[in-house]
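Based on the hints, put chains B and C in the right spot on chain A.
In order, the protein sequence lines correspond to chains A, B and C. Sequential numbering from 1 applies to the first sequence in the numbering used here. Sequential numbering from 1 applies to the second sequence in the numbering used here. Sequential numbering from 1 applies to the third sequence in the numbering used here.
Please note: incorrect hints may appear among the correct ones.
Said to hold, decoys possible - Cross-link-like lysine-lysine pairs, in silico, DSS-like; alpha carbons within 27 Å at most: (1) Lys42(A) <-> Lys244(B); (2) Lys261(B) <-> Lys244(B); (3) Lys17(B) <-> Lys140(C).
Hint data in this document are derived by calculation from the structure and do not stem from the laboratory. These numbers were taken from a predicted model, which means no experiment stands behind them.
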Amino acid sequence: MSVAVVGFGQTHFRTKRKDKTHPEIAFEAVNAALEHAGLELKDIEAVAYGSMDPFDGIYCPERWDATACSLEKPMMKISTGGTTGMTTALAAYEHVASGLFDLVMAVCVQRVGECVDAQPVLNTAVDPIYERHSGLGAIHIASFQATAYMEKYGATEEDLAWVSVKDHKNALKNPYAHIKMDLGVDDVLKSRVVCSPLKLLECCPRSDGAAAVIFASEDLAKKIRDNPAWIVAETTISDSYYLGDRLSFAEWDSLAIAGRRLFRDAGIENPVKDIDVAELYSPFTIQEILELEALGFAEKGRGKELAREGVTFIDGDMPTNPSGGVLCTNPIGATGLVRFGEAALQVMGEAVNQVDGAEVALAHAWGGTLQFHTLAVLSSKKKLG
Amino acid sequence: MRIGIVGVGFTEFGIHKEPFYNIAFTAAKRALEDAGIERGEVDSFILGGYDNLGVGRTISNMYTAPAAGAYLRHEIRVSDDALFALPLACMRLRHRSDVTMLLAFGHSSETPIELVELQSLDPFFHRPLNLSLPAFFAMQSYAYRRRYGVDEEKIAEVVVKERENGSENPRAFVRDKVRVEDVLSSEIVSSPLRRLEIAEWCDGCVAFILAEETVARRLTDSPVWVSGLGWSLENYYFDREFQKLPFVAKSAEMAFKMAGKDRGDVEALEICDLTADYHCMILEALGFAEEGRGWDYNGDVNHSGGALCTNAYGSTGAFLLASIVERIRKGEIDCGLVQSMSGYAQRSCVAILEG
Amino acid sequence: MEVKEFEIWWKIPFKHSAGLHATKFFEGLKDGKILGVRCERCGRVLVPPRAFCERCHVETNDWVEVSDEGVVETLTVTYMKFTGLPDPPYAIGVVKLDGADTGMLCFLGGVDLSEWRKVHETFKPGTRVKAVWKEEREGKITDILYFEPLK
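Looking at chain A on its own, in the form it has when it is part of the complex (with noise of 0.2 Å):
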């Protein structure tokens, strides 16, 4: 059964969002998404709600946030780390794909701001018998492959610096974004090493907010709106634990096989061709360089040199995160539900960068170290070719 995204909608995205409560900030991204798709609450027929609990010190927030998005509705929780937007909008496109429902919400909430640091609480999905004294944390692991690839194909500190100067760019013009910065590769280079090489411009900030996507069947798709957003695939992929098994960090290769597989399922042969925008989870310069190679969108040790050159800018052949992505704005466990939305408005042609004439979109979301990956492909048709 072909399934639609008919709406979407996102909070402003802060540091902190002192004005309002955990439900409050969920009811804001739910109006937003039903306004969007000229539908009211009353019309959702069940909810999967995602959140990766720790950072906004409330354990199970379904439970209060359900006065929000779910009274009277099934509600199911997701939570997978990273790639929980993703993965909540995977499991509210399976409502639909399965035929047992036909109105299904996607609601993802997140605070990252409400704790006082974030590191320490990636630090804490991290196993606590052999690794987690290492002081761990999500910009450690950003840091090994960056300083693994730069070793590796020669990339330079400036090749990573334009990456962050790209999706800066895109983000002034995005009312929703939280850093809106207008940057030159010179204000990267000098900002501070965080982790080597990393800098503080190459990281991305912590955000308060939520976003809701509603998702809806096929002859229902077609009345709400006239320009629906098709999931024509979708993926996820989980790779072993351990951070020392990755066979190289200088590569992503769970990325690979699982990008190959969706490609496979959307009928896509040539990614560059066939796909005309990309929202990527790159909270990380360096990840938005691997994943642009890991997708087959640049040949290895080619990625580097792809937000240099244009490439990937809005006016650029592949453009990547025209919203300013997740470089610009992080509410971790909302960030790739932000992905599948800004996706979707871009095949509907309603994005604030609207890349022209956008028929197929890709949306993806990593997590765990370096473990998991989620992925789907949009498109203004219902199957591509």
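The following block gives chains B and C in isolation, referenced to the frame of chain A:
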């Protein structure tokens, strides 16, 4: 299209010294063996269990996904009692999977669960008052006993019966029989609830292999079909009558509707009686007993001993599910209903199974 | 109106069981040995040792001792203070020990950490390193203080 359970793998339910992922691995291996298939034949993995605080690891599926065998496969975790993951597994199978593993992991022995659950309350209105799980359960018990004039002996008899069932189930965690006077002389945890009227936490995992109908029939002559599923929730704030569980009733309505069955078709029940009073209230909400008379129900309920004898934080619902599945496989019953509950008695999931 | 904020700490004790495999590994550390397990199906030596091979989904019981020398796969030096994490600067990396097929997360040290480019030059991927052990070992992962360049 029907979805069938074609393999079940239990681990021991008790207090484990091995980390939860090693227990999960054992459950997964046993389920694969029971179904007679290799890991590579499973295309999707749905995990059920709680996040972070219960086991002190923020993203618990980082550990349990490899244990399940999800290496380079599709995997999503439902972060709740594992019965709530069954709907996602079934939806995946209806949509695009041939064979899915549902891995339920439950672990409580590494940290005080009451303290963990307390953190699910908002930090402004409820949490500062230290409303612990047993205290909330007790408020419902008090309302139930008072509203319907139920003597504590009647409640104690429920415990005695559950313990008897548990004593005959080699898989149960608590297997000692108790007498009414034992229950009534056990210490009061939170008035009026006594220690023996509350389920005790333990550890344990169960894995299931599920398959789409045509595949299921190739794998076994006796699949157990998941005919109906329903799940629902109650308001977080207290605009409820404390002696009732309307969200349990709603989850049952949804499941019966999907299964196209009525209560007369159900031969046995497994319900998540986290307290003896909930045992009564759930039976009433499910429509198997009159309001205020759940303690008097003498049908086939909690043959396994129920949650009162086995309550692994995160996998209790899966334990109950597996218990019904085993009985259907043995031919003891044709149709059974399993119910689970999570949070501050806020969420309920019901599944109707048949042979 | 100023919005109120309440500072709330989570103080929740955990006792994490290491299980038999990791316990054996920690006992080995006490004796100055690094132990791994060989997966009998794929033949890889997994360090740190675990009860099952994630690739092959089989139990692992074939214990082997690996060297306390190995090769750096990657590294980073942290310069920002994160609540509850070690004081900066500190260097961590992934080292593949001789005789092991997987890398192990560890501290890198024995050098001045103030200039990251120098540290990266000293420990660049492919550099051979050796463990520096604590004198008084307790059977913890921190019995290995850090890895330093092999002289």
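- Could you tell me which of the hints above the structure violates, numbers in ascending order? none
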